[in-house]
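There are 2 protein chains.
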Amino acid sequence: MDMLWSGWGDPAKAAPLPDTVIGLLRDLLGVKPRDTAVHALEDIAVPETPLDSAALGALADAVGDAAHVRTDAESRIRHTRGKSTPDLLRIRAGDTEDVPAAVILPATHDEVLAVLRACGQHGLAAVPFGGGTSVVGGLAPEQPERSDGSERSGPRAFVALDLRRMDGLLDVDPVSRTATLQPGLRAPQAEALLAEHGFTLGHFPQSYEWATIGGFAAARSSGQASAGYGRFDEMVLGLTVATPRGTLDIGRAPRSAAGPDLRQLILGSEGAFGVVTAVTVRVRPVPRTRRYEGWRFASFEEGAAALRRLAQDGPLPTVLRLSDETETLIGLAQPDAIGSADAGQSAGCLAIAGYEGTEEETAHRRERAAAVLRSCGGEFLGAEPGERWAHGRYSAPYLRDSLLDAGAFAETLETATFWSRVPALYTAVRGALTETLTAAGTPPLVMCHISHVYENGASLYFTVVSAQGEDPVAHWAPAKHAANEAVLAAGGTISHHHGVGTDHRDWYVREAGPLGIEALQAVKRCLDPAGILNPGILLPTD
Amino acid sequence: MDMLWSGWGDPAKAAPLPDTVIGLLRDLLGVKPRDTAVHALEDIAVPETPLDSAALGALADAVGDAAHVRTDAESRIRHTRGKSTPDLLRIRAGDTEDVPAAVILPATHDEVLAVLRACGQHGLAAVPFGGGTSVVGGLAPEQPERSDGSERSGPRAFVALDLRRMDGLLDVDPVSRTATLQPGLRAPQAEALLAEHGFTLGHFPQSYEWATIGGFAAARSSGQASAGYGRFDEMVLGLTVATPRGTLDIGRAPRSAAGPDLRQLILGSEGAFGVVTAVTVRVRPVPRTRRYEGWRFASFEEGAAALRRLAQDGPLPTVLRLSDETETLIGLAQPDAIGSADAGQSAGCLAIAGYEGTEEETAHRRERAAAVLRSCGGEFLGAEPGERWAHGRYSAPYLRDSLLDAGAFAETLETATFWSRVPALYTAVRGALTETLTAAGTPPLVMCHISHVYENGASLYFTVVSAQGEDPVAHWAPAKHAANEAVLAAGGTISHHHGVGTDHRDWYVREAGPLGIEALQAVKRCLDPAGILNPGILLPTD
Chain A
1 MDMLWSGWGD PAKAAPLPDT VIGLLRDLLG VKPRDTAVHA LEDIAVPETP
51 LDSAALGALA DAVGDAAHVR TDAESRIRHT RGKSTPDLLR IRAGDTEDVP
101 AAVILPATHD EVLAVLRACG QHGLAAVPFG GGTSVVGGLA PEQPERSDGS
151 ERSGPRAFVA LDLRRMDGLL DVDPVSRTAT LQPGLRAPQA EALLAEHGFT
201 LGHFPQSYEW ATIGGFAAAR SSGQASAGYG RFDEMVLGLT VATPRGTLDI
251 GRAPRSAAGP DLRQLILGSE GAFGVVTAVT VRVRPVPRTR RYEGWRFASF
301 EEGAAALRRL AQDGPLPTVL RLSDETETLI GLAQPDAIGS ADAGQSAGCL
351 AIAGYEGTEE ETAHRRERAA AVLRSCGGEF LGAEPGERWA HGRYSAPYLR
401 DSLLDAGAFA ETLETATFWS RVPALYTAVR GALTETLTAA GTPPLVMCHI
451 SHVYENGASL YFTVVSAQGE DPVAHWAPAK HAANEAVLAA GGTISHHHGV
501 GTDHRDWYVR EAGPLGIEAL QAVKRCLDPA GILNPGILLP TD
Chain B
543 MDMLWSGWGD PAKAAPLPDT VIGLLRDLLG VKPRDTAVHA LEDIAVPETP
593 LDSAALGALA DAVGDAAHVR TDAESRIRHT RGKSTPDLLR IRAGDTEDVP
643 AAVILPATHD EVLAVLRACG QHGLAAVPFG GGTSVVGGLA PEQPERSDGS
693 ERSGPRAFVA LDLRRMDGLL DVDPVSRTAT LQPGLRAPQA EALLAEHGFT
743 LGHFPQSYEW ATIGGFAAAR SSGQASAGYG RFDEMVLGLT VATPRGTLDI
793 GRAPRSAAGP DLRQLILGSE GAFGVVTAVT VRVRPVPRTR RYEGWRFASF
843 EEGAAALRRL AQDGPLPTVL RLSDETETLI GLAQPDAIGS ADAGQSAGCL
893 AIAGYEGTEE ETAHRRERAA AVLRSCGGEF LGAEPGERWA HGRYSAPYLR
943 DSLLDAGAFA ETLETATFWS RVPALYTAVR GALTETLTAA GTPPLVMCHI
993 SHVYENGASL YFTVVSAQGE DPVAHWAPAK HAANEAVLAA GGTISHHHGV
1043 GTDHRDWYVR EAGPLGIEAL QAVKRCLDPA GILNPGILLP TD
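These protein sequences, in sequence, are chains A and B.
Each residue of the first sequence is one higher than the one before, counting from 1 in this note's numbering.
Each residue of the second sequence is one higher than the one before, counting from 543 in this note's numbering.
Hints were generated in silico from the structure; no laboratory data involved.
C-beta: ideal position from N, C-alpha, C; glycine also.
Warning: the hint list may mix true and false statements.
[As the list claims (entries may be wrong)] So, partial list: chain A residues that the calculated Cβ filter (under 7 Å) puts toward chain B:
id, residue
1, His-39
2, Ala-40
3, Asp-43
4, Val-175
5, Arg-231
6, Leu-237
7, Pro-244
8, Gly-246
9, Glu-435
10, Thr-438
11, His-497
From just these sequences and the hints, can you work out the full model?
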């Protein structure tokens, strides 16, 4: 099934807002109902593909069949940009400026190599496409004007390299507990295939239902159970990568001292260095027990101190998250229940602690973690908030669609830093968002949670809801800009798990420093000398 | 104190071999007592430094004082090569082919930058020098003939960039549990400084007494307590690096999705990309309890299965290692006790499991781990073997000196792979070493242990003892070559924690693949366009 082209996920799972929430939006944020009519897919005007028959023929040869080179309007619209709020607002408004020239569906590593070759020969750029769930502009390459004096003028065309046909489980090694997966596997498909062997990946980001293995690797994804299973980049043991210069095949041991870790050069490269065509990952036995529970803390500070204590001295739950006062009050910690009478946990901050594993191990871990949480001021709320969180864990993006429909604006952004800097980073980003949007006339609701903890620091994930303003994309831009500046100034990283794409690129360049960026551009020139892959995504074009 | 120039460590800690061992060497391996007279330091002929007064003046300017530019014979001999067995044999024989032109001692990051500038201006190469403990030829650069038509012909001279004056603890953040250390700190100095704040790094490789923080970072070191504290590359959160092109300053959060992890591009770069001038590391509270115990398994296979079970299903001891039958029999698992009647644990394989932490936590972990070890066939041997291992944990290199003195040859090599490949890798490397040396006329004793375990695989560490043969360096070369070939053929990595240097470079190039090497060479050219740093170390010169 394809994802809803104009929003998130499965159209059947749309989550209309309760009247109480609509009332709240109106009274609290000044949200005005707007003409919510979204263009129908078939009404969106898509220009003819700029590809000539020679290019189309070469692409068809690369994938063995013209049926795997799609130039119809619907395919191209469905591969236009990603799923950030500005992306949704633009496509709903019929803006097809970033539409790919074609959608190519290779089925093998060699076909990916052949597609890249064809792109090189015909002056095309290529954008790898997994689940299409980027929220940082990772699917809209810059298309610099041609300066090579070739006949066609105007921006260079690009093709979307959709990896959905590469959706196999290539290998399971039960002794080493590893599995080799193809990049186009959506996470639930991968889990189903692994479950046949008794294994799980344990990677459950909010995009779980739609995102793919290749995307997780390319963007350094982090899932909601990262405390227990680690980040995706920590799960990756081996990678096969198709680049315009040929194949990279890396990873002969879990850890090595043989030079810099080349895996970590590909992870986070967001398709700019090559197309990930196989990923060998660590897998674990499917847990026999899953238990999620709620805790209340008097303040975000107190709750954060408790999370830090567990991250530093253990034991770590498998899932560990903490909503700030506003997010708790609004009930966003449990999106399914938002607007219901008991969604907000009254005062304080809601934390969720979840345990997955064997019966005995989780029981013991839970007991010790509970003692720590209690000693840090936590009040045990039982299983209900945990179960509600688990039930609604993938539904926030559906809620966003409904908010957009109702005339509200909703967007998220995230960062991470070391523990000692967390309070200042929280205050700075919250302040920047609030001040910028308030000054623009639509005071926002800014909510935050910690959802990934490490011994030495944590992530902060912000959700902003406000009125849309006249031009919602333009309205949001200064707030996002101010938040990015606040992140850098407070010592945070520009992204903990969403990635860089085009939206964060200018700040990423400052974070990595000029020499760091030059080093990565040197790698880019080595692997992709013609700049075929994702021009302008992650790295500035030279 | 300086390390023994012709061997390992503190001369006062020399470990003479018991007569029983000498007898064993003679009877078992055909070791013949040899003229063990080692050149006296003052008898070694060192050519005059090739540096002219302009170069020496520029280097003195860079470090502020001519006293920090040393050209005396002793300083230069002490910075000639590292501590592999061939390195020791060569320097003992008075071979000064790889002597540096001078030893430079910068005290700050800016002085390092200035030294690199001076090197660039005067056509010199620079080799960063920490503890000087490389066992893979990481301190002997290739010195290609000058091809730039400059007046001086012959190989390019190089300076040793000794970082010992950069030995401070720059910062401790007790909230985040991080510390920033200078690169020239030896591990015991670093531990002492951290202990004043109640913290430990937990990094205890066999080179612990002499190796430095900068070296750990540059070479992806792994310590004997890696099961509990992780590898050094997992401890590093931030790096400051001086390159010929300027400064890299990386690491704003424990984890990030902002591009590839640049830290992991520097870690393992072995000084070829830049000089690490500060390292921010994760620290942990000094453990209140340390407990090491012995276990016996019937076979290496059975013991390895037990280690795998702990690594995959937990709980992991802080130290976990397993000697094969031969290493157990010889008693090398407890080097201090070698040759004593009870050093060998009779039949089977000796495992050591150690626990560090709080009283309560280690007691519980130990109890659960013991149950697992028992269920896997382990026989509990009590604390004595563990304490003996702990007491002798840094003494094997001293033992090597005595073996060399006694006319024996002793060397180590190591690799890692995924669990399912461990048995074949073990057999292949053992076979290659045994066959090659036996064919050369000196049947060796080949011992092995697993000392680093991961969920998905483990390291294998081999110790080889044999007669020296006529020319011990030449005698060893084909065996080492055969072992390297066996490692690659069996799917292992060419090094788990010793690194690449020059000794492993040709195999590393095959492991990383042509495109991987080209990508790293592109980074090298970006950061060090004149090829000043460590020419030929890690990467082939272009």
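Here's how the hints hold up against the structure:
With 7 Å as the threshold, the beta carbon of His-39(A) stays out of range of chain B, its nearest partner Cβ sitting at about 32 Å, so the hint is violated. Restraint check, Ala-40(A) versus chain B: the minimum CB separation of about 35 Å is more than 7 Å; hint violated. Checking Asp-43(A) against chain B by beta carbon gives a least distance of about 36 Å; that is not within 7 Å, so the hint is violated. With a cut of 7 Å, the hint placing Val-175(A) at the interface with chain B holds, because the nearest CB-to-CB distance is about 4 Å.
Taking 7 Å as the C-beta cut-off, the interface hint given for Arg-231(A) holds, the closest approach to chain B being about 6 Å. Because the beta carbon of Leu-237(A) sits about 6 Å from the nearest beta carbon in chain B, less than 7 Å, this interface hint is met. A cut of 7 Å between beta carbons decides the hint on Pro-244(A): the least distance to chain B is about 11 Å, and the hint is violated. Checking Gly-246(A) against chain B: minimum C-beta separation of about 6 Å stays under 7 Å; hint holds.
With 7 Å as the threshold, the beta carbon of Glu-435(A) stays out of range of chain B, its nearest partner Cβ sitting at about 23 Å, so the hint is violated. The beta carbon of Thr-438(A) comes no nearer than 28 Å to any beta carbon in chain B, farther than 7 Å, and the hint placing it at the interface is violated. Taking 7 Å as the C-beta cut-off, the interface hint given for His-497(A) holds, the closest approach to chain B being about 5 Å.
Of the numbered hints given earlier, the model fails hints 1, 2, 3, 7, 9 and 10; all others are met.
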